[in-house]
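Number of protein chains: 2
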Amino acid sequence: MNRLYHVPLSPFCRKVRLVLAEKKIEVELVEERYWEQDPDFLRRNPAGKVPVLRMGGRTMAESQAICEYLEETVPEPPLLPRKPESRYEVRRLCAWFDDKFHQEVTTKLLYERVNKKITKEGYPESRNVKAGAKAIKYHLDYMHWLLEQRRWLAGDMMTLADFAAAAHISALDYISDVDWHRSANVKDWYAKIKSRPAFRNLLADQVPGFKPSVQYADLDF
Amino acid sequence: MNRLYHVPLSPFCRKVRLVLAEKKIEVELVEERYWEQDPDFLRRNPAGKVPVLRMGGRTMAESQAICEYLEETVPEPPLLPRKPESRYEVRRLCAWFDDKFHQEVTTKLLYERVNKKITKEGYPESRNVKAGAKAIKYHLDYMHWLLEQRRWLAGDMMTLADFAAAAHISALDYISDVDWHRSANVKDWYAKIKSRPAFRNLLADQVPGFKPSVQYADLDF
Chain A
1 MNRLYHVPLS
11 PFCRKVRLVL
21 AEKKIEVELV
31 EERYWEQDPD
41 FLRRNPAGKV
51 PVLRMGGRTM
61 AESQAICEYL
71 EETVPEPPLL
81 PRKPESRYEV
91 RRLCAWFDDK
101 FHQEVTTKLL
111 YERVNKKITK
121 EGYPESRNVK
131 AGAKAIKYHL
141 DYMHWLLEQR
151 RWLAGDMMTL
161 ADFAAAAHIS
171 ALDYISDVDW
181 HRSANVKDWY
191 AKIKSRPAFR
201 NLLADQVPGF
211 KPSVQYADLD
221 F
Chain B
1 MNRLYHVPLS
11 PFCRKVRLVL
21 AEKKIEVELV
31 EERYWEQDPD
41 FLRRNPAGKV
51 PVLRMGGRTM
61 AESQAICEYL
71 EETVPEPPLL
81 PRKPESRYEV
91 RRLCAWFDDK
101 FHQEVTTKLL
111 YERVNKKITK
121 EGYPESRNVK
131 AGAKAIKYHL
141 DYMHWLLEQR
151 RWLAGDMMTL
161 ADFAAAAHIS
171 ALDYISDVDW
181 HRSANVKDWY
191 AKIKSRPAFR
201 NLLADQVPGF
211 KPSVQYADLD
221 F
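Keeping their order, the protein sequence lines are chains A and B.
Residue 67 in UniProt numbering sits at position 67 of the first sequence, with consecutive numbering throughout.
Residue 24 in UniProt numbering sits at position 24 of the second sequence, with consecutive numbering throughout.
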């Protein structure tokens with residue numbers, strides 16, 4: 001049986017979970033308290049991070065490398081377009097969310113409010129939370145601008161870029177940090193992706209000590 | 001004419017420069033003081049970072065997305081193997097260097113010593129420099145361990161992973177932060193990659209205010 005070592009609200013784990021589910025690859029989810037640096041886990045992944053995917057006798061880390069591998073080995077349904085220019089745009093946006101959005105928003109809101117408590121690293125710094133709350137507006141506006149011109153974030157088809165974005169947005173929505181009144185475009189896009197069967201498993205997540213927002217699992221939010 | 005907006009010691013720019021040179025794609029290098037947030041530059045890349053590649057009427061950002069695009073459109077010489085498992089390993093290692101190594105070593109040594117001065121952000125923090133100097137040892141040992149089993153970092157052929165690693169290592173070697181006595185394997189690997197014609201342009205870099213180390217441009221270091 002395939003196994004994914006993960007933590008529920010990690011956007012990088014969520015991206016991989018969405019790709020696995022969309023491609024109908026069955027996987028057993030194992031919660032991994034990676035910050036405790038269990039030696040067994042470090043043997044599986046010297047980088048000491050989640051997600052780690054155990055599949056067909058291989059152990060894989062790094063969410064984007066995993067997603068590209070899944071795309072190459074299980075091509076249906078495709079999550080990367082065919083033309084190099086379009087594939088570039090998908091990969092650029094994956095990096096946008098996993099690097100820029102992650103650093104400016106996810107670490108400032110989710111990690112301050114949730115991860116710090118779980119890993120016993122202290123209390124949220126209000127300076128960071130404020131910076132994150134400001135930055136997410138700019139990012140939602142950028143998504144709005146993209147979605148004015150495109151059906152999905154990177155173009156006409158749903159791709160890895162949508163999953164990368166939805167992975168971050170959904171984790172932030174769990175803690176009520178997404179203002180759904182800011183852009184009808186972005187809300188429509190999220191409603192479309194949230195109602196996919198691949199999303200169900202994420203919407204059932206429960207993190208002890210943190211109740212999900214009222215709209216988190218609601219498809220008519 | 002193709003154009004690459006870059007800064008000389010940026011490892012992400014160096015990775016793209018190596019790929020362009022290896023694939024014999026001619027490009028004009030334009031130094032971009034990205035930290036000054038010039039509006040023209042921000043129009044080219046809303047992420048406000050280098051590298052930005054202008055090629056065939058397209059403007060592209062995000063080094064890994066650019067490298068994958070170049071690999072798909074100019075396949076010779078190949079910098080990704082054919083088998084999905086091997087491609088996974090290349091991408092995992094690119095992420096290792098551009099994410100983990102970058103965060104633990106490059107930001108702690110190069111950014112503290114050089115970028116802070118250039119961007120007038122203050123003085124190096126000795127706590128960070130110490131942490132970086134400690135972390136690079138672990139990373140050189142990891143490279144040593146990989147190179148005990150493989151000709152190149154990701155396997156039998158030279159790939160993007162070698163360029164990602166050499167991009168960071170070469171920038172750190174400019175400021176004398178690589179201990180070449182630590183591993184003969186790593187030194188041999190770097191000597192091989194440093195003597196490639198694609199590397200010449202990097203070895204000619206000069207950053208005002210920072211003299212390169214004596215061995216920086218020396219092929220018999």
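Just so you know, these hints were derived from the structure itself, not from any lab.
A quick note: this is a predicted structure, and the numbers were derived from the prediction, not measured.
Hints are supplied without guarantee of correctness; some may be wrong.
Same chains, same label: a pair holds when it works inside one copy or across any pair of copies.
Listed next, the in silico DSS-like pairs over lysine-lysine satisfying Cα-Cα at most 25 Å (straight line) [what the hints assert, rightly or not]:
no.	residue 1	residue 2
1	Lys134	Lys49
2	Lys49	Lys137
3	Lys130	Lys211
4	Lys137	Lys83
5	Lys100	Lys116
6	Lys137	Lys116
7	Lys137	Lys192
8	Lys192	Lys117
9	Lys100	Lys187
10	Lys130	Lys192
11	Lys83	Lys187
12	Lys211	Lys24
13	Lys23	Lys83
14	Lys137	Lys120
15	Lys24	Lys134
16	Lys134	Lys211
17	Lys130	Lys187
Against the structure, the hints:
1. Lys134 with Lys49: between (28 Å within a copy, 20 Å between copies)
2. Lys49 with Lys137: between (28 Å within a copy, 20 Å between copies)
3. Lys130 with Lys211: Close inside one copy (21 Å), not across copies (41 Å); limit 25 Å.
4. Lys137 with Lys83: neither (31 Å within a copy, 41 Å between copies)
5. Lys100 with Lys116: The answer is both: 20 Å in one copy and 20 Å across copies each meet 25 Å.
6. Lys137 with Lys116: within (23 Å within a copy, 29 Å between copies)
7. Lys137 with Lys192: within (21 Å within a copy, 48 Å between copies)
8. Lys192 with Lys117: Intra 32 Å, inter 47 Å, cutoff 25 Å: neither.
9. Lys100 with Lys187: For Lys100 and Lys187, the Cα distance is within 25 Å only inside one copy (21 Å; across copies 34 Å).
10. Lys130 with Lys192: Neither, since 29 Å and 48 Å both go past 25 Å.
11. Lys83 with Lys187: neither (28 Å within a copy, 39 Å between copies)
12. Lys211 with Lys24: neither (29 Å within a copy, 55 Å between copies)
13. Lys23 with Lys83: Classified as both: same-chain Cα gap 21 Å, cross-chain 20 Å, threshold 25 Å.
14. Lys137 with Lys120: For Lys137 and Lys120, neither the intra-copy (29 Å) nor the inter-copy (29 Å) Cα distance is at most 25 Å.
15. Lys24 with Lys134: For Lys24 and Lys134, the Cα distance exceeds 25 Å both inside one copy (37 Å) and across copies (43 Å).
16. Lys134 with Lys211: within (23 Å within a copy, 40 Å between copies)
17. Lys130 with Lys187: Close inside one copy (23 Å), not across copies (46 Å); limit 25 Å.
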